[in-house]
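Chemist: Protein chains in written order, with the numbering used here: chain H, 1 to 114; chain P, 1 to 114.
A couple of the hints might just be wrong.
Cross-link-like lysine-lysine pairs, in silico, DSS-like; alpha carbons within 30 angstroms at most [what the hints assert, rightly or not]:
| no. | chain 1 | residue 1 | chain 2 | residue 2 |
| --- | --- | --- | --- | --- |
| 1 | P | Lys-20 | P | Lys-69 |
| 2 | P | Lys-20 | P | Lys-56 |
| 3 | P | Lys-56 | H | Lys-65 |
| 4 | H | Lys-11 | P | Lys-56 |
| 5 | P | Lys-69 | P | Lys-50 |
| 6 | P | Lys-106 | P | Lys-69 |
Covered by chain P, per the in silico footprint, the following chain H stretches (three or more residues, Cβ under 8 angstroms) [claimed, not checked]:
| no. | stretch |
| --- | --- |
| 7 | 19 to 29 |
| 8 | 64 to 71 |
Simulated DEER-style distance windows between Cβ atoms [to be verified]:
| no. | chain 1 | residue 1 | chain 2 | residue 2 | range |
| --- | --- | --- | --- | --- | --- |
| 9 | H | His-41 | P | Thr-14 | 44 to 54 angstroms |
| 10 | H | Leu-77 | P | Leu-113 | 19 to 29 angstroms |
| 11 | P | Ser-71 | H | Thr-67 | 35 to 45 angstroms |
| 12 | H | His-41 | P | Asn-55 | 24 to 34 angstroms |
| 13 | P | Gly-62 | H | Ser-84 | 16 to 26 angstroms |
| 14 | H | Leu-77 | P | Gln-61 | 13 to 23 angstroms |
| 15 | P | Gln-26 | H | Leu-55 | 19 to 29 angstroms |
Simulated from the structure, these hints should not be mistaken for lab results. Where is the CB? At the ideal position from N, CA and C, for every residue including glycine.
So the chains spell out like this:
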Amino acid sequence: EAAVTQSPRNKVTVTGGNVTLSCRQTNSHNYMYWYRQDTGHGLRLIHYSYGAGNLQIGDVPDGYKATRTTQEDFFLLLELASPSQTSLYFCASSATGGTGAEQFFGPGTRLTVL
Amino acid sequence: GDSVTQTEGLVTVTEGLPVKLNCTYQTTYLTIAFFWYVQYLNEAPQVLLKSSTDNKRTEHQGFHATLHKSSSSFHLQKSSAQLSDSALYYCAPTGDTNAYKVIFGKGTHLHVLP
Chain H
1 EAAVTQSPRN
11 KVTVTGGNVT
21 LSCRQTNSHN
31 YMYWYRQDTG
41 HGLRLIHYSY
51 GAGNLQIGDV
61 PDGYKATRTT
71 QEDFFLLLEL
81 ASPSQTSLYF
91 CASSATGGTG
101 AEQFFGPGTR
111 LTVL
Chain P
1 GDSVTQTEGL
11 VTVTEGLPVK
21 LNCTYQTTYL
31 TIAFFWYVQY
41 LNEAPQVLLK
51 SSTDNKRTEH
61 QGFHATLHKS
71 SSSFHLQKSS
81 AQLSDSALYY
91 CAPTGDTNAY
101 KVIFGKGTHL
111 HVLP
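The following block holds chain P by itself, in its conformation from the complex (with noise of 0.2 angstroms):
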């Protein structure tokens, strides 16, 4: 079946340092696109990042992921982690047109600590 795997639970980062978020896939549809989404508190998630090229990386908000198909990965890093980095991140391989079903991973809670 269909199954996303993201780093479990709390993440905690001292504000400053680097942190990475994993993300691994495996679908039974074509998967064109990925993306990370984030969700802050009492808010709803949104769009972080957004790939559908393997081996490029792609940057937001000081965030980068790279897609790399060939280990179905598509980890979430930051060079710097900011008190405002707190949040829920959610992995999210979206597939082709007859699969209207976005597989979202259970998430991963960054707690960035001043």
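Chain H extracted, bound-state conformation (with noise of 0.2 angstroms):
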């Protein structure tokens, strides 16, 4: 019954590779998003979306696409994967945007770019 859900838990790909990473929520929130976290940097924002066929750039968007299906589904293309996507990514969703909406997560991703 999570209400934000992440698959696969776990990718290994090679450099040049193309990976989807699905997001699902069940909260009913309009926005979701999708983070990057890395060890000295903490959660970076790659993509935002506030509904379905509506995509905002994030603060580290190079090398990823987004795509945002229904309100439920989330998705992040790595088109040509390279090692420096290496990473743990979290999806999340929000009833609103600002004003002081809790982001709930989803479990993670874990990719590996060899």
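Using the supplied hints, reconstruct the complex from the two chains, each of which is provided in its own coordinate frame.
Modeler: Written out as structure tokens, the structure reads:
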């Protein structure tokens, strides 16, 4: 009954490979986010969305595409994966973009690019 | 630009002693709520504390924080650290309805020693 789920939980690919990370939320939240987490950098925002079909660029978007197909589903695409994209990726959702709304995080996907 | 500055790196404290994790922020958007998120080992970040009222102490799970807008600070404190408090802590000022982004600090690792 987890409200934010991610798949896969672990992924290994090679340089130049094509990777899609999936996120689904059942919170009925409008906003969804993709972060990467790296030691020394904390959580960094890649892309976010405030509804189906909407996409906003985050702080570290280079090398990533994202698509929000429904209110529930948000995908992160790495079309030419590089070793620098090895990281722990979190998806999150919130009821509103600001107004003090708490973000609810998924369990994370650990991606390794060889 | 927008920034959040937290106590850097690792904070080590002996069980039973007080602990303080610093957070100061600088944002171009109107910040109306402030969060501390906690991330335990191999888990996702989750909200520990939230505050939106200037100069009001907020408490949860033995931790407390007071928002001081005059000094742009929202430090996290606990009078008696527990082993179970060992985790990664993020400070996150959150904006108004037109600011969808949440700026996370780089995080502070708290290690409580027996």
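Chemist: Does Lys-69(P) pair with Lys-50(P) here, judged by a C-alpha cut-off of 30 angstroms?
Modeler: holds, 14 angstroms
Chemist: Lys-106(P) and Lys-69(P): Cα distance at most 30 angstroms?
Modeler: holds, 21 angstroms
Chemist: A range of 13 to 23 angstroms was offered for this pair. Does it hold for the Cβ distance of Leu-77(H) and Gln-61(P)?
Modeler: violated, 38 angstroms
Chemist: Take the C-beta atom of His-41(H) and the C-beta atom of Thr-14(P), compute their distance, and say whether it sits inside 44 to 54 angstroms.
Modeler: For Thr-14(P) against His-41(H), whose Cβ atoms are near 29 angstroms apart, the range 44 to 54 angstroms is violated.
Chemist: Is 16 to 26 angstroms a correct range for the gap between the Cβ atoms of Gly-62(P) and Ser-84(H)?
Modeler: Once the Cβ atoms are compared, 39 angstroms apart, the range 16 to 26 angstroms for Ser-84(H) and Gly-62(P) is violated.
Chemist: Given the hinted pair Lys-56(P) and Lys-65(H), is their alpha-carbon gap at most 30 angstroms?
Modeler: violated, 41 angstroms
Chemist: Is the Cα-Cα distance between Lys-11(H) and Lys-56(P) 30 angstroms or less?
Modeler: violated, 44 angstroms
Chemist: Is 35 to 45 angstroms respected by the C-beta to C-beta distance linking Ser-71(P) and Thr-67(H)?
Modeler: Given about 42 angstroms between the Cβ atoms, the range holds.
Chemist: Holds or violated: 19 to 29 angstroms for the Cβ distance of Leu-77(H) and Leu-113(P)?
Modeler: The hint (19 to 29 angstroms, Cβ to Cβ) is violated, given that Leu-77(H) and Leu-113(P) are roughly 43 angstroms apart.
Chemist: Within 24 to 34 angstroms: is that where the Cβ-Cβ distance between His-41(H) and Asn-55(P) falls?
Modeler: holds, 32 angstroms
Chemist: Take the C-alpha atoms of Lys-20(P) and Lys-69(P), compute the straight-line distance between them, and say whether it is at most 30 angstroms.
Modeler: Measuring from Cα to Cα gives roughly 18 angstroms; hence the hint holds.
Chemist: Using a Cβ cutoff of 8 angstroms, are there at least 3 residues of the stretch 19 to 29 of chain H near chain P, or does the coverage claim fail?
Modeler: violated (count 0)
Hints 3, 4, 7, 8, 9, 10, 13 and 14, counting from the list given before, are not met by this structure.
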